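> Keeping the supplied structure of chain X fixed, place chain W upon it in accordance with the hints.
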Amino acid sequence: MRAPAPARIDVRKTYKLFIGGAFPRSESGRTYEVTSAKGAFLANAAQGSRKDARDAVRAARSAQPGWAGATAYNRGQVLYRVAELLEGRRAQFVADVAAGEGLTERRAQDAVAAAIDRWVWYAGWSDKVAQVAGNANPVAGPYFNLSAPEPTGVVAVIAPQASSLLGLVSVLAPAIVTGNTVVVVASEDRPLPAISLAEVLATSDVPAGVVNILTGRTAEIAPHLAKHMDVNALDVAGALGADGITWGALEADAADTVKRVLRPAGDDEASWADAQSLNAILAYTETKTVWHPKGM
Amino acid sequence: MLPRARPTRVVRMPDTSRLDGMTSTVTTPSSESVPRSHPADRTGAQVAADAAAVIGSADLSEAGLRRFLHGLPGVDRVGADGRAAHLGTRSIKTTAKAWALDLTISMVDLTTLEGADTPGKVRSLVAKARTPEPGDPTCPRPAAVCVYGDMVAEARDAVGNSGIRVAAVATAFPSGRAGRQVRLADTRDAVAAGADEIDMVIDRGAFLSGGFRKVYDDIVAVREVCHDAEHPAHLKVILETGELATYDNVRRASWLAMLAGADFIKTSTGKVSPAATLPVTVIMLEAVRDFLATTGVQVGVKPAGGIRTAKDAIKYLVSVNEVAGEPWLDPDYFRFGASSLLNDVLLQRQKLATGAYSGPDYVTID
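Listed in order, the protein sequences are those of chains X and W.
Residue numbering for the first sequence follows my numbering, beginning at 1 and increasing consecutively.
Residue numbering for the second sequence follows my numbering, beginning at 1 and increasing consecutively.
Calculated directly from the structure, the hints in this document are not laboratory data.
Zero decoy hints are in this set.
Within a straight-line C-alpha distance of at most 30 Å, the following computed BS3-like cross-link-like pairs (lysine-lysine) qualify:
#1 W:K214 / W:K271
#2 X:K13 / X:K51
#3 X:K51 / X:K16
#4 W:K93 / X:K51
#5 W:K121 / W:K271
#6 W:K97 / W:K351
#7 X:K16 / X:K38
#8 W:K311 / X:K51
#9 X:K38 / X:K13
#10 W:K351 / X:K51
#11 W:K97 / X:K51
#12 X:K288 / X:K128
#13 W:K93 / X:K16
#14 W:K121 / W:K351
#15 W:K311 / W:K97
#16 W:K311 / W:K271
#17 W:K311 / W:K351
#18 W:K311 / X:K16
#19 X:K16 / W:K351
#20 W:K351 / W:K93
#21 X:K294 / X:K128
Across the chosen pairs, the derived CB separations fall in these ranges:
#22 W:S124 / X:P65: 17 to 25 Å
#23 W:S124 / X:S28: 37 to 45 Å
#24 W:D117 / X:A252: 39 to 47 Å
#25 W:P134 / X:P142: 36 to 44 Å
#26 X:A252 / W:D136: 20 to 28 Å
#27 X:A136 / W:P119: 40 to 48 Å
Being a predicted model, the structure only gives us computed values, none of them experimental.
Backbone N, C-alpha and C fix where the C-beta goes; we use that ideal spot for every residue, glycine too.
Chain X on its own, in the form it takes in the complex (with noise of 0.2 Å):
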């Protein structure tokens, strides 16, 4: 007779904060429970602190002018990519929005081909962007003028609260599809699927720093960032539901530096399905207008 086989030992997986392109642990040290939407146990999480919240904005200063000064052609090449890849990892993110969203299998599969869907669609702006909101002006001269929208800087993002991955990617491609680099705050009670989505975009063609992803209390990050004098913009839809922070204090704190802060739609959080439009890529730019002489 042969023993019975020994009961297979759980590999748990640890969910870290992503820097710089880095899976660093948080500064702090700190963790926290992430529980499905059933109260069951699911992994612990890195709870970043303001200190992480700085690295992750160094990490995004320092990637923008490379993001940036790469062809449009060659963002949208690289964005698509990145929908390729959570194509392929679709399972796992079905699985990850159903425990954390308490959705049927159903409907996190359609929150998820929705979610990739409106990645590539965002992807595909890249180089049509400058065509639609540019323009030459005309001008009562001998010149050529010539408006095109470039990007802002460091989009800082407080995810939406409670629909975990099509909210996420519905705030942050719109951000980085221009050549913006973001600081996202996921999702304090459902931060799974940001992480996951780190690790797509960790292994796609994306550049360390464009997109950093923070886990923890928004209420503790978010402030910091809404205060950083090295954030441009700020995107506060996750400070609908989240405890102890609302969108208004956060806009008053960005005010000191006079950023940009798009505020979220109403008074609850947006259902997403249809969340996507050309002004949520050009709440991120600024409009350069270039004279130049004509020749005779």
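Just chain W now, with coordinates in the frame of chain X:
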């Protein structure tokens, strides 16, 4: 026993038990117990007499210097690295951090040593030193600006009466590969142009091939040029520790420079990698501490090159306090040779003042 010249002052032999690189528990000499004098106050004859007394050889022969320097206890490399790493773990926060940041600024030798230096660049450097933080008049000024010899006049004119000193690198910086007359002429020019401090390089080739007397004589000659001028200059001696190969050599070079009358010993030119490191600085701090205990002369230390962040600077300050002692927490006895450090310290200062993280848009990039 040979008769030997009687030293003019009481000179104690080095307490070698302190020199093992792991001397964290040694109490540093307190300011009451030791008569201390500034090295620049000594005449050339006193320097020679002190040196002779320390090495126990009246004529300061090559053999005598070698016997003394090779008789210095070896440095335990692992121990020294470990001690430096341990000193770097200290957590300095809030008011202590604010104090450390201001002290750091006041210890900076704001440096530009590029072949592409222009008078305009030197003037903008001085402008930055005069007003490091335009929005905050309480911000201290750096101790000095450090430039090439031919830029001294420009820098001297720009600093005016602000109290900022002008330091010049000389003696065929950074390699030092020139004849003594050339090196002395280089020094003489800088001093005549109004330099307050001269940063000389030692002849590393001579040092490494055992020519200690040559290195000693070089330093003495440059010191003479600096101190006998109409407007005397302090002398910093650059050991270029990145080229000295071993920690033992760093200790020997430190002692040799101090015996020859250095006012400051400086780690590096900044042109060689590795430049300043914490373990090397700790070894040099031990050397100046022991030199004070031996001769009553307090020599300064200047790490230079590679110190770019406020965090690094604070690690050095912790080491200064723990190894050499509080008397060295003074711009007259400890300096940072740096160019980008000042910006990072200013950012940290802004963070402490406003509570918000600052960014490179809020300091001048130079």
